[in-house]
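For reference, the chains in residue letters:
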Amino acid sequence: MKVLLMISTISLFSFSAIAVSDYEKGMLKGLEMLKNANDLQASIDVVNYFERVAEANKTEWLPLYYAGYASLSVGFQQEKVEMKDDWYQKGLGFVKKAELLKENESELLAMEGYLTLMYISNDPMKRAPSQTRNAIGLLEKAKALNPNNPRPWFIHGQNTFYTPEFYGGGAKNAKPLLDKALALYNAFTPENNLMPVWGKERCEMLLKEK
Amino acid sequence: MKHCFSLLLLLFTTLTLRSQTNISGIVLGENSDTIVGANVFIRGAFDGASTNKFGSFSFTTIEKGNQTLVVRMIGYEETEKSIILDGKTLSLHIILKEKSNELNTVVITAGNFETGDVKKIAVLNSIDIATTAGATADIFGALKTLPGSQPAGEESGLFVRGGDASESRTFFDGMLVNNAFTSDLPDIAQRGRFSAFMFKGTSFSTGAYSAQYGQALSSTMALESKDLPEKTKSDIGIMTVGLDATHTHRFENSSLDVNVGYYNLSPIFSIIKQNTSWTKEPESVNTNASYRLKTGKTGMLKIYANYEKTHIGVISENFNDITQQVNYDIKSTNTLFNSTWQQYLGDSWKLNTGLAYSNDENNININPDKVLQTEKALNAKATITHYYGKLSDIKAGIEYIDLKNKESYNELSHQIDNPILASFMETNYFITNKLAIRAGARLESADIIQSTNLAPRLSLAYKIADASQVSFGYGRFYQVPEDKYLFDSKDYNFQNATHYILNYQYQKDNRTFRIEAYYKDYDQLLKQQSLEPDLFDNSGYGYAKGIDVFYRDTKTFKNTDFWISYSLLDTKRDYLNYPKEVQPSFAASNVLNIVYKYWINAVNTSLGATYTYASGRPYFNPNNPDFLADRTKDYHNFSMNLSYLKSIAGHFTIIYLSVENIFGISNVYGYRYSPDGNTRKAILPSAPRSLFLGIFITFGDDQYK
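As you go down the protein sequences, you meet chains V and A in turn.
Going by the working numbering, the first residue of the first sequence is number 32, and it counts up by one from there.
Going by the working numbering, the first residue of the second sequence is number 3, and it counts up by one from there.
There could be a bad hint or two in this list.
A few chain A residues facing chain V, derived, Cβ under 7 angstroms [unchecked claim]:
(1) Thr36
(2) Asn41
(3) Gly46
(4) Phe48
(5) Tyr78
(6) Glu79
(7) Ala604
(8) Val605
(9) Asn606
(10) Leu609
(11) Lys648
(12) Ser649
(13) Ala651
(14) Pro677
Source of the hints: derived by calculation from the structure; they are not laboratory data.
The beta-carbon is built from N, C-alpha and C at its ideal position, and this holds for glycine as well.
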């Protein structure tokens with residue numbers, strides 16, 4: 032009896048001490064960090080965290096997806112143009128790596144399009160003429176691969192919203208895209224608790240603005 | 003029981019204690035700069051941290067034993083460190099090595115200005131050129147606002163640093179463009195043949211240029227055409243000077259551009275006062291086509307063809323007797339064909355081949371005489387480049403240029419055939435990221451003068467700090483004398499120039515500062531030995547030295563872009579019909595350009611202004627025994643332009659207005675004297691003011707939707 036008690040207690044401690052690389056736990060922690068990140072250092076921490084999760088789970092594409100997504104926030108918060116460029120490129124690196132793990136994934140193509148559009152926005156005069164076609168093409172492909180995915184529509188609408196009117200942008204031209212995105216957001220249910228769900232709040236906010 | 007309990011306790015404590023090692027430290031770059039945001043982690047685990055703004059990090063890990071610590075940071079080489087995790091706190095000091103990229107590698111800039119939409123070191127892009135007031139979207143016009151270039155408004159071409167226009171060459175994708183400017187009429191500068199929007203980059207070299215180019219004593223302009231266009235679209239231009247239409251069709255791996263244009267300056271010249279007496283205001287018809295094809299994954303074939311017919315006529319003074327008037331009437335036909343093929347072979351080799359041909363025919367009527375000029379140029383070139391190390395490359399090439407020129411004056415005619423065979427080799431060797439050397443040589447053989455030359459080229463560049471670098475350039479440049487001297491004699495040597503250039507450039511945060519000092523030694527220039535008969539030899543010589551300063555700022559003032567360029571030039575020559583070494587007539591000692599652009603967001607309008615100042619130029623006064631000692635008055639020119647961007651019925655439209663010499667300042671380029679020296683006529687710009695208005699509309703899928 033004593034031995035049994037001892038063995039079972041030891042096993043109990045052993046099991047609780049082993050649970051470390053639980054992929055799902057790690058991802059949920061990362062998503063929590065992502066939600067709470069509110070300054071540059073915290074945003075960098077999120078990107079690096081997901082990079083580590085990706086390193087430890089080399090067959091999973093989602094950690095790389097979120098590392099790419101979190102890079103947007105870092106790039107946006109950086110002040111120097113070179114640093115913005117660096118982080119958007121870093122994000123693109125993660126997304127392209129993920130695309131090798133999961134081909135034809137709507138979320139990945141939408142994210143690649145998003146990062147490319149942000150990179151273009153750092154120097155539109157030089158970059159827009161040669162790169163916009165490719166970026167919008169990625170969003171169109173994302174829409175086609177998953178017609179229920181609101182994000183490519185939202186990204187497209189957001190980019191149109193911030194494009195000058197004489198180039199075919201502005202709130203009016205963005206509205207049909209954002210309307211479609213919102214309808215899809217309202218109907219969207221993710222495959223599991225780790226798949227992306229972001230964007231609805233911002234979509235609603237843009238639709239309210241003139 | 004006691005035994006068991008203590009054993010359990012021991013087990014419990016070891017189970018919990020063994021799980022944590024604290025790792026902390028600092029991550030720095032090679033120059034002891036702190037690295038912020040680096041990812042420091044144990045390979046294979048989630049455990050890790052990002053470096054903070056001091057470069058330091060700290061985290062605990064439950065991994066144990068032999069592990070690998072990985073440090074990753076964008077722009078740096080990934081670093082690994084073997085560590086042993088046994089509970090003892092680790093304190094680490096990690097140094098990261100920079101990865102070579104565009105921003106931290108040095109660039110050879112001595113004598114070279116990059117403009118365009120691709121290179122980071124570029125000074126102007128195609129929109130800059132189009133919106134520079136006074137340039138009317140002419141690349142050469144915009145280049146004239148960069149230091150080193152002189153405003154010689156009465157002649158075509160680029161006058162660079164004390165060199166005349168014949169000493170400057172233009173290249174299109176590496177191939178020689180024999181007639182980069184439209185037809186030459188006395189005292190009237192013509193535009194460059196190309197639109198700024200055709201090119202993704204230009205390299206304007208005011209000296210010490212690459213061994214790939216030759217036969218230009220003073221400077222080169224290398225234009226790099228754009229690659230495949232993004233979309234199928236059509237553009238039309240309705241201008242005060244004519245109409246223009248382009249259709250661009252994009253296929254999967256290729257594209258075709260076709261352009262037609264009709265220009266007639268008669269309507270606008272009837273409204274705007276002219277100094278020139280036109281008998282036929284410039285009228286021209288132009289068509290060109292551009293075909294681009296991706297060959298394989300890494301190859302590109304480009305074919306460009308241009309056909310143009312022009313008719314211009316003026317009444318001007320007879321050079322030898324200004325009391326007499328002469329009728330000049332020119333009908334020109336120009337054909338240009340330029341094809342290049344670039345292909346990467348494997349990872350580290352690249353092949354470039356090109357074939358270009360041009361035919362220029364000028365039918366000149368100088369009542370009652372008739373002159374017919376026919377110039378044919380053929381250029382074939384092949385270059386192979388090998389990339390080695392992380393950034394270095396070496397290239398070798400051969401080139402064949404054949405210029406045939408036939409001139410007939412009434413019944414008499416003469417012609418020349420000037421074939422040149424050249425080969426060159428050059429390496430761009432990066433000793434480190436921060437120190438680069440370009441060394442090369444060019445071997446040329448010109449059949450017409452039965453001479454061969456071997457020209458060395460050497461440039462060095464050193465990056466002294468994050469945003470600044472120093473560059474030095476040296477080279478020897480040879481050029482066959484101009485055609486007009488070759489008709490009657492071939493007994494010449496190459497003319498030559500030796501350049502020494504030292505430059506400092508600072509480029510950071512949308513501000514560029516550049517200062518350059520140069521010395522050019524000219525030798526073997528053509529000099530007139532006798533008048534009857536017209537005999538020349540190579541005993542001419544000269545020098546040009548000076549300092550050029552350039553500052554560009556797109557950051558300090560909101561929505562404002564401006565640049566200031568100043569050139570100080572000291573140059574003298576004893577060549578052609580000069581009796582002694584003097585400052586030539588095309589050289590102004592001081593030139594200042596201030597270019598300003600302002601974007602008014604509320605009305606989608608870009609406003610531009612350019613002010614150009616040049617100190618008086620020498621001119622020949624037969625009454626003054628001191629040759630070329632007189633100076634014209636100083637030159638001032640103030641131009642403005644306006645671009646209004648609008649979407650009309652969903653089509654992107656630009657309305658563009660430009661006025662040159664707004665204040666109508668009467669600038670004088672020089673004087674022509676009567677044979678007795680008592681009367682003179684000023685050489686003026688063709689019009690005191692000029693005005694241009696155009697509407698450009700793009701049809702087809704809206705690019706940014």
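Cross-check of the supplied hints:
Among the interface hints, the one on Thr36/A is violated; its C-beta lies about 13 angstroms from the nearest C-beta in chain V, farther than the 7 angstroms criterion. A least Cβ separation of about 4 angstroms between Asn41/A and chain V falls short of the 7 angstroms threshold, and the interface hint therefore holds. For Gly46/A, the shortest C-beta to C-beta distance to chain V is roughly 5 angstroms, which falls under 7 angstroms, so the interface hint holds. Given the 7 angstroms rule on beta carbons, the hint for Phe48/A holds: about 5 angstroms separates it from the nearest Cβ of chain V.
For Tyr78/A, the suggested interface contact is broken, since its CB lies about 11 angstroms from the closest CB of chain V, more than 7 angstroms. Interface restraint check for Glu79/A: the shortest CB-CB distance to chain V comes to about 15 angstroms, outside 7 angstroms, so the restraint is violated. The beta carbon of Ala604/A comes no nearer than 12 angstroms to any beta carbon in chain V, farther than 7 angstroms, and the hint placing it at the interface is violated. The restraint placing Val605/A at the interface with chain V is violated, with a minimum CB-CB distance near 11 angstroms, outside the 7 angstroms limit.
Checking Asn606/A against chain V by beta carbon gives a least distance of about 6 angstroms; that is within 7 angstroms, so the hint holds. Evaluation of the Leu609/A hint against chain V yields a violated restraint, the C-beta minimum of about 16 angstroms exceeding 7 angstroms. The criterion of a C-beta within 7 angstroms of any C-beta in chain V is met by Lys648/A, whose closest approach is roughly 5 angstroms, and the hint holds. Look at Ser649/A: its Cβ gets to within about 4 angstroms of chain V, closer than 7 angstroms, so that hint holds up.
Nearest Cβ of chain V to the Cβ of Ala651/A: about 11 angstroms, over the 7 angstroms cut. The hint is violated. Residue-level restraint check for Pro677/A is violated (minimum Cβ-Cβ distance to chain V is 56 angstroms; threshold 7 angstroms).
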